[in-house]
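**Q** Note that full-length UniProt numbering has the sequence shown beginning at 1, numbered continuously upward.
For the record, the hints were derived by calculation from the structure and aren't laboratory data.
Since this is a predicted model, take the numbers as computed values, not measurements.
All C-beta atoms, glycine included, are put in the ideal place defined by N, C-alpha and C.
Below, computed lysine to any residue pairings styled on SDA-like, alpha-carbon distance capped at 20 Å:
hint, residue 1, residue 2
1, Lys83, His96
2, Lys92, Glu108
3, Lys74, Arg84
4, Lys74, Gln91
5, Lys36, Val47
6, Lys74, His109
7, Lys74, Asn97
8, Lys60, Val100
9, Lys74, Asp105
10, Lys74, Tyr107
11, Lys74, Pro98
12, Lys92, Arg80
13, Lys74, Gly106
14, Lys36, Ala46
15, Lys92, Pro104
16, Lys74, Glu108
17, Lys83, Pro102
18, Lys92, Arg69
19, Lys60, His99
20, Lys74, Val100
21, Lys83, Asn101
22, Lys92, Glu76
What follows is a set of in silico ranges between Cβ atoms, one per label pair, in the way DEER data are often shown:
hint, residue 1, residue 2, range
23, Tyr58, Gly90, 34 to 40 Å
24, Val50, Phe85, 35 to 41 Å
25, Gly51, Phe85, 38 to 44 Å
26, Ser2, Pro48, 56 to 62 Å
27, Gln91, Gly51, 38 to 44 Å
28, Phe44, Gln91, 49 to 55 Å
29, Ser2, Gly33, 44 to 50 Å
30, Lys36, Ser2, 49 to 55 Å
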Amino acid sequence: MSAVLNHAIRRQLVATGARNMSGTAAVAGEHSGGYKVWKRLSFFVAVPAVGLCMLNAYLKHQEEHDHPRQEFVKYEYLRRREKRFPWGEGQKSLFHNPHVNPLPDGYEH
Numbered sequence: 001m002s003a004v005l006n007h008a009i010r011r012q013l014v015a016t017g018a019r020n021m022s023g024t025a026a027v028a029g030e031h032s033g034g035y036k037v038w039k040r041l042s043f044f045v046a047v048p049a050v051g052l053c054m055l056n057a058y059l060k061h062q063e064e065h066d067h068p069r070q071e072f073v074k075y076e077y078l079r080r081r082e083k084r085f086p087w088g089e090g091q092k093s094l095f096h097n098p099h100v101n102p103l104p105d106g107y108e109h
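Using the sequences plus the hints, can you model the full thing?
**A** Dropping the structure here:
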């Protein structure tokens, strides 16, 4: 009984797969112009959306400059220098920004 049921299910799956795959575009090799829709979406939706995201990020970044810098508090467990950095004077990290990153003694300016 299970062999008959298994054969019927297998035959049904093969028949639906063949039915779904047969179509005029697959046989003829022609496209119905779907690329034009995606091309227009790319230019008229995606590019302006990326531009708006860039503008939003720029404006949020400009808002940060209006805020005053936090007061420096010297904690003993932060900015510990057991050994000097191998570049420059040895106190500044490789990507040191004097406006944001304090040295162990405080901000530079």
